[in-house]
Amino acid sequence: MTTYADTLQRTWRENILFSALVELTYRCNLNCFFCYNDPQLRGVPLTTEQYVHFFEDLRELGTLNLTFSGGEPLARADFFNLGRQARELGFVVRVKSNGHALNGRLARRLREEVDPFMVEVSLHGARAETHDRQTRVSGSFDKLLTNLGEMRALGLRVKLNSPLTAWNEAEVEAMFALADGWGLPIQLDPQITPRDDGDPGPLSVAPSRAGVARLLELQRERAEARQTEKEPRSADATAEVAGSKHCGAGSATVTVDPFGNVYPCVQWRRRVGNLHEQSIQAIWRQSQELAEVRRLAAEVKQTVGQHGPLGFGFCPGLAEQETGDPAGLYPATQRLLELRRQDVVPSDGL
Amino acid sequence: MNFGENFLTYPDLFPARPSGEPWGDERVMIGLAGDIYVYEGLSTVQADAVRQRFGKLCLPLVEASPMSVRIQIFRAAADDFVENREHSRVAYNQSHTPDAVKFIGRRFMCRLDWMPELRTALWVPEIDLQYQLAIFVQFLQTTIAYRVFEQGGLLFHSAAVVSDGGADIFFGPSGAGKSTISRLSFAMGHAVLNDDMNILRFTEAGIMVEKLPFTGFLGQEGGGMAGIYPVRAMYRLYKGPTPVLHVLQPATALVTLLGCVHYVSCDPYRWDRLIDRLQKLSTMVPIQALTFARDDRFWALLRSGETE
Amino acid sequence: MIATDMILKRCVDTRYRNIGGEGVVVRQTAGEVLVLNEIGVRVLELLEATMPVSGLLDALDAEYEIDRPTLERDVLAYLQELVDAGVIEHAAV
Chain C
1 MTTYADTLQR TWRENILFSA LVELTYRCNL NCFFCYNDPQ LRGVPLTTEQ YVHFFEDLRE
61 LGTLNLTFSG GEPLARADFF NLGRQARELG FVVRVKSNGH ALNGRLARRL REEVDPFMVE
121 VSLHGARAET HDRQTRVSGS FDKLLTNLGE MRALGLRVKL NSPLTAWNEA EVEAMFALAD
181 GWGLPIQLDP QITPRDDGDP GPLSVAPSRA GVARLLELQR ERAEARQTEK EPRSADATAE
241 VAGSKHCGAG SATVTVDPFG NVYPCVQWRR RVGNLHEQSI QAIWRQSQEL AEVRRLAAEV
301 KQTVGQHGPL GFGFCPGLAE QETGDPAGLY PATQRLLELR RQDVVPSDGL
Chain G
351 MNFGENFLTY PDLFPARPSG EPWGDERVMI GLAGDIYVYE GLSTVQADAV RQRFGKLCLP
411 LVEASPMSVR IQIFRAAADD FVENREHSRV AYNQSHTPDA VKFIGRRFMC RLDWMPELRT
471 ALWVPEIDLQ YQLAIFVQFL QTTIAYRVFE QGGLLFHSAA VVSDGGADIF FGPSGAGKST
531 ISRLSFAMGH AVLNDDMNIL RFTEAGIMVE KLPFTGFLGQ EGGGMAGIYP VRAMYRLYKG
591 PTPVLHVLQP ATALVTLLGC VHYVSCDPYR WDRLIDRLQK LSTMVPIQAL TFARDDRFWA
651 LLRSGETE
Chain B
659 MIATDMILKR CVDTRYRNIG GEGVVVRQTA GEVLVLNEIG VRVLELLEAT MPVSGLLDAL
719 DAEYEIDRPT LERDVLAYLQ ELVDAGVIEH AAV
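Chains as they are written, first to last, in this note's numbering: chain C, 1 to 350; chain G, 351 to 658; chain B, 659 to 751.
Just to be clear, a hint being listed does not mean it is correct.
[Said to hold, decoys possible] Partner residues aside, some chain B positions facing chain C, computed with beta carbon under 7 angstroms:
(1) Met-659
(2) Arg-673
(3) Val-682
(4) Gln-686
[Unchecked claim] Chain C stretches covered by chain G per the calculated footprint, using a threshold of three residues with CB under 8 angstroms from any CB of chain G:
(5) 134 to 144
(6) 209 to 222
(7) 244 to 251
Hints were generated in silico from the structure; no laboratory data involved.
The beta carbon of each residue, even a glycine, is placed where N, CA and C say it ideally should be.
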């Protein structure tokens, strides 16, 4: 019997565009210190009609997952129009929102008109001081708490995403406890990335070695506890995919910025085409840059594989951004390797 | 009422950072009052309209220096704004923090951020070009008000008339007579620096006035006067049948002066500094009340300096 | 029990795509993902149009070289599995 992991592996192997992430706007109602958006990026924003054509093309290519991101995607004026279209075209829609405005009529409209599979909301700390320090908008923590209650009452499925930083690493247990108390899944990401224009500013709040180690330990404990509960495969879980490529960037995923630039994934900002100039089908099938990315994804698998399984942490996009080489070990992965040598992280990954 | 509730469909979506989708790639650099202001993210049509509006103040495009003030223009959607018949262009909401100021009005939202240098951003929807242009100009004025304040000066709602190398400043709320007295002064052969908006600078040599060149009627088309002039005296205007010069009590003077400092006077984080500055102003130049009729008799009275 | 005069439809909370002949189905409310075989994908595609189960059988009969009784037995059982899995449901008429 074919499993979901088998199917995902096929998408990587056969270059089936399974998931697309669309950054609808860089407008944002929060001002997170470490945001990776390139504030200087310029271009002509895609129109509503262009997005709808793009979605139709994606459906033809077999894309199932469509994620709206930003900035704050809800700040794009035609968000609900695009969300409705995505729903009608049968995508599994995810909305990556900061949750700051998701209350009242806006939250209700999201539930009724878009009915996303998941709203992924950012939690930046377990205390208002910490969360607000990171978002640089006072009152944002209290607002988020209120909004989470409203979202859940409306039946929106919510997941919490939390970037681990030097500012919130002492609150990791408390953040897990908050999420557990609300009955919401939470994902903490130990990698702070440079801005998309290469500005390393966000790295100044990268978590400490001890902070990362503690998070990995907690994540391992929680994963073990889940395994004993024998949870069924969740549609939101990341499948461990074995195959000839390190990841599905450019083989099963693309990311599109507000100006139509197409990238292999949200972190691998190597431009492979632009939707103002070509359809996604043309880019997907003919882009030389994309062909190169796919070749590199296989090469990275070989090169990085020499260090043992780094599948849980290594990102070719980040590697290229930080070292100029998609297979280069960048500081965060060097730290992971070091932690593994010290047996903090199991050698078979997480 | 919460910030923006009366103007925005979803007030919580108010931008917290200067980002979004620009209208285009065009920039227009404007040199005035010793600074360079750069409109960024304009469409070609918008840039042409801005260039036409600011005429000779536009500078040849060069790389913006770190000292220049960036005014980023972004797209908003018509749906972002609540259409309310009671909204006029002058009505707006504002919100302040120590390092940011936010405004929302009819079909615009904007913010000024100190990062630590001043950077500003304005979001407007697809509307009539002339209305957009009016918003651009108004926002530039707001930006200048804060820029000048940070430099130690004041953007002051006033008329400035130059004679014998010095300037008389006339002020008061709208309708007090600034335009009238400017026209009368102009007819008498005096140069009008600007009949609506001027910059006051505090220098060791005293208070100096410099016009805000793109505002007012006479400021743009009148005497064509430029330059910086020492302020001789300041007069709160009243209209009446007979010219009279009164002493203005300090508290009254302060309140009236405050009413003529737009934008910054509503900012609680700059209030103390503003009051200090206005009090200092009143020690550096005589501040009096002038009642005037629609004739030239007031001028002799000013020169005699005789108060009742 | 599925009868040939029943009208079935895809559950409103499911999303699916045909990935090179296999169907990936996401049940949004349950947060579950299922992989369907070629017949499963074809059933979901056919159910995009309203038709009784008999119509579905006719369509599959025309596409696959299987004798009709076997096809009916297998497909009806399979449809029941899909109903049990929450992928399809009876359409209110």
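TODO: Tell me if Val-682 of chain B is really an interface residue toward chain C, meaning its C-beta lies closer than 7 angstroms to one of theirs.
DONE: Check passed: Cβ of Val-682 of chain B comes within 6 angstroms of chain C, closer than 7 angstroms.
Task: Hint check, Gln-686 of chain B versus chain C [nearest Cβ-Cβ separation less than 7 angstroms] - done: 5 angstroms, holds
Task: Per-stretch coverage check for the segment 244 to 251 of chain C, three Cβ contacts closer than 8 angstroms to chain G - done: Coverage by chain G is violated here, the residue count being 0 at a Cβ distance below 8 angstroms.
- [ ] State whether the coverage of the segment 209 to 222 of chain C by chain G holds or is violated, taking the criterion as 3 or more residues with Cβ-Cβ distances under 8 angstroms.
- [x] violated (count 0)
Open item on the list: Please check whether Arg-673 of chain B passes as an interface residue: C-beta within 7 angstroms of a C-beta belonging to chain C.
Closed with: Status holds, d = 5 angstroms.
Open item on the list: Verify this for me: three or more residues of the segment 134 to 144 of chain C with a beta carbon less than 8 angstroms from a beta carbon of chain G.
Closed with: holds (count 5)
Task: Restraint outcome when Met-659 of chain B is required to lie within 7 angstroms of chain C by C-beta distance - done: 25 angstroms, violated
Hint check: violations occur at hints 1, 6 and 7; the rest are consistent with the structure.
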